[in-house]
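2 protein chains.
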Amino acid sequence: MDHVEIFKALSNKTRLQILGWLKEPDLNFPEQPNADFDTVGVCVGQIQIKSGLSQSTISEYLSILQRADLISSTRVGQWTYYKRNKEGLEKLSEIINTAL
Amino acid sequence: MDHVEIFKALSNKTRLQILGWLKEPDLNFPEQPNADFDTVGVCVGQIQIKSGLSQSTISEYLSILQRADLISSTRVGQWTYYKRNKEGLEKLSEIINTAL
DNA sequence: TTGGCATATCGGGAAAAGTCGATATACCTT
DNA sequence: AAGGTATATCGACTTTTCCCGATATGCCAA
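Chains as they are written, first to last, in the working numbering: chain A, 1 to 100; chain B, 1 to 100.
A portion of the hints provided could be inaccurate.
Since the list gives no way to pick out one identical chain from another, each pair is judged satisfied if it fits inside one copy or across any two copies.
To be verified - Here are the computed lysine-lysine pairs in the PhoX-like style, where the Cα-Cα straight-line distance is at most 25 Å:
| id | residue 1 | residue 2 |
| --- | --- | --- |
| 1 | Lys-8 | Lys-23 |
| 2 | Lys-23 | Lys-83 |
| 3 | Lys-13 | Lys-23 |
| 4 | Lys-50 | Lys-83 |
| 5 | Lys-23 | Lys-50 |
Quick caveat, the hints were computed from the structure, so don't treat them as lab data.
Just so you know, these numbers come straight off a predicted model, no measurement behind them.
All chains, full assembly: derive it from the sequences and hints.
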């Protein structure tokens, strides 16, 4: 993954907020029946509502964050759940400490 | 400084390279008479030559990086020297560890 | 004070990103 | 099979970024 793409993914207020929300899902989203935040994450619809942007925009933003390895997804039935990707964020710290 | 602006500053290959070069000036730039790398940094002209982009582009890129607190500048006579800003980069690490 | 460098700023054209509504796809229920 | 719901993709339009050449500014030397 190109470093530039990671930083581009972070160059947007909403996408940064999404990462912040996903850091503490229980504080930022209503309870989900049959879907543990830590195991699968938060479903697209909830993130969309919270953001106030359109469904299509949020779907795209989530895929940008995923391409940058900052989040990961799990499909369960008709829902897609996204959660923070700890490894990707650690790699980002490393990039900053070694390349910049 | 807005977090988004910091990441935008980093969302460009050339600007990332500049930060990398400034991390080890002695490995990346020819010796400068009367200007210690650690004290003042590297002058715009050298960075421009190394980048291969136009003078105006590099001047703007440097000011974008400076606005994001990632580098700092010192004017000496007709030269402006830029160097890495350790504090800004540390703050960036902190942002990643606390906000994302 | 005139000319010559080094850097900054300005104006612009091309490419990319932001964002939407409409539509497609996938899955679930009945 | 049909309809409903969740998400993804497409096409379009607007705004921002990339990068340039031209010009302005600031400083130095003759």
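Exercise. Which numbered conditions among the earlier hints are violated in the structure presented, ordered from lowest to highest?
Worked result: Violated hints: none; all satisfied.
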